Amino acid sequence: MPPSGFIRSALLGPAVAATLGLIGFANLSFAAAIVGEMRRTDPSPKAAVAINAMKPEYRRPPSIPFPKENPYTPEKASLGKKLYFDTRISVTSAQSCASCHSPGFGWGDGLAVGVGHGMAKLGRHSPTIVNAAWGAIFMWDGRLANLEEQALGPIQSPGEMNMPIEKLMERLATIAEYKPLFVTAFPGTGLSPNTLAQAISTYERTVVSEQAPFDLWIEGNEQVISDEAKRGFVIFNTKAQCSSCHEGWNFTNDGFQDIGLPSADVGRGQFLPDIIKMKHAFKTPGLREIARRGPYMHDGSIATLEQVVEHYDHGGVDRPSRSDLVKPLGLTAQEKSELVAFLKTLTSNLDPTTVPVLPR
Amino acid sequence: MRKLTSLSFVVLVGLSAGALAANLTITQKGRVFSVESVIIKKGEALTFANDDSVPHNIISTSKGNEFNLGSQPPGAATDVTFKEAGEAQIVCAIHPRMRMTVKITD
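Protein chains in written order, with numbering that gives the first Met the number 0: chain W, 0 to 359; chain S, 0 to 105.
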């Protein structure tokens with residue numbers, strides 16, 4: 000997903016600034032306020048936390064959050080599903096959202112990096128859309144503020160679906176059966192770039208990981224996961240510090256970290272060039288369904304979960320931008336195995352996804 | 000409950016030697032700023048104290064009050080003096096959910 004296509008997009012330019020919360024962010028130097036010297040305060044020693052005390056932070060939320068600007072309706076979600084699976088939203092009519100974010104591959108594509116317009120390889124791994132409803136910021140480099148913006152991004156990106164939004168509006172208008180669906184989902188508005196984005200993002204928000212063995216264990220069923228996996232959960236939260244970034248029920252705080260991968264891609268650093276910790280930093284992905292989602296990392300450079308754990312144990316490339324949380328861990332072979340066993344408990348029995356009949 | 004806080008009503012939060020006597024301290028535990036919004040006078044300082052378990056990188060790019068605290072480890076604190084009247088948006092570059100506003104009056 001090369002960012003260049005987005006930078007050229009007049010529609011998405013302001014969105015980048017919006018995600019940063021500020022205008023002209025990347026061009027400002029940091030000199031105006033007076034910053035004192037950093038000093039130590041009183042770091043209270045961290046008490047050891049018992050395993051049962053860790054569990055409440057991992058309870059599943061009771062419902063899917065939908066933004067007040069785009070509340071859920073079944074009509075919107077149904078229309079959005081048709082659009083999500085419709086290849087005609089790409090300029091070649093060969094790619095749909097599901098081409099790169101397929102339910103068959105944990106809502107990714109199973110490839111190291113995505114494949115875009117003209118079958119050209121993209122620069123980054125296609126992220127899953129599972130649990131996107133809880134996302135705080137979107138794309139590996141955080142250049143889009145919400146799921147509605149994200150829905151339109153790849154459609155228009157020259158490297159991906161390469162479809163000018165005006166041309167897409169014209170094409171969808173020629174598909175007779177779409178018109179009543181838009182009218183029903185968006186009374187008084189009908190088809191527009193905004194309603195297209197709202198419909199697709201509403202459907203995407205309904206793609207939620209099902210209850211996994213881990214969830215049943217969190218709720219009190221001690222038999223459903225192995226003792227090895229339970230020990231892995233403790234390591235995840237303590238010695239390995241995974242939960243410093245992969246936190247909460249969806250196992251992400253949506254933060255940006257350089258985890259020491261030997262990649263030239265500067266990631267978030269493209270938008271925050273003056274902040275050293277943002278160079279090579281990418282958004283922390285959630286870990287639900289992670290066993291189905293390989294290969295791993297923003298560049299798809301690591302094939303297996305075992306190798307992922309090895310990477311973190313080693314600490315990767317030691318450079319100024321590397322997260323202070325990423326450093327050699329000294330995990331034993333048994334601890335590494337336990338971590339992987341734990342990660343596999345996050346796989347749910349996803350219901351098969353039916354492919355919709357598309358409007359003609 | 001996070002709330003709008005005016006420095007004029009804030010009693011000092013004691014920190015290590017060197018902290019300005021009247022500084023309001025903004026803490027960051029749980030990847031959340033302790034207040035959503037604060038009002039101070041031009042030339043006054045806030046103390047950003049990382050009482051969280053992970054590093055933060057607090058910044059503002061609001062015109063006239065730009066700053067970048069860099070990677071601030073747990074247990075560290077830094078004072079920031081705001082020079083320009085107006086509104087400064089404060090964020091953590093690492094954690095995008097962390098946002099607050101500083102209103103600076105003349």
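Among the hints, erroneous ones may be present.
Claimed, not checked - Dumping the calculated DSBU-like pairs for lysine-lysine here, alpha-carbon to alpha-carbon at most 35 Å:
id : chain 1 : residue 1 : chain 2 : residue 2
1  : S       : Lys102    : W       : Lys278
2  : S       : Lys62     : W       : Lys278
3  : W       : Lys343    : S       : Lys41
4  : S       : Lys102    : S       : Lys40
5  : S       : Lys62     : S       : Lys41
6  : W       : Lys326    : S       : Lys40
To be verified - Away from chain S, derived, C-beta distances all over 10 Å, residues of chain W:
id : residue
7  : Thr40
8  : Asn252
9  : Ile274
10 : Ala280
11 : Leu324
Just so you know, the hints here were simulated from the structure itself, not pulled from any lab data.
A quick note: this is a predicted structure, and the numbers were derived from the prediction, not measured.
Yeah, the Cβ is synthetic: ideal placement off N, Cα and C, and Gly gets one too.
Hint check results:
| no. | hint | result |
| --- | --- | --- |
| 1 | S:Lys102 - W:Lys278 | 30 Å, holds |
| 2 | S:Lys62 - W:Lys278 | 23 Å, holds |
| 3 | W:Lys343 - S:Lys41 | 54 Å, violated |
| 4 | S:Lys102 - S:Lys40 | 8 Å, holds |
| 5 | S:Lys62 - S:Lys41 | 14 Å, holds |
| 6 | W:Lys326 - S:Lys40 | 42 Å, violated |
| 7 | Thr40 | 5 Å, violated |
| 8 | Asn252 | 6 Å, violated |
| 9 | Ile274 | 5 Å, violated |
| 10 | Ala280 | 8 Å, violated |
| 11 | Leu324 | 6 Å, violated |
Violated hints, in rising order: 3, 6, 7, 8, 9, 10, 11; the structure is consistent with all others.
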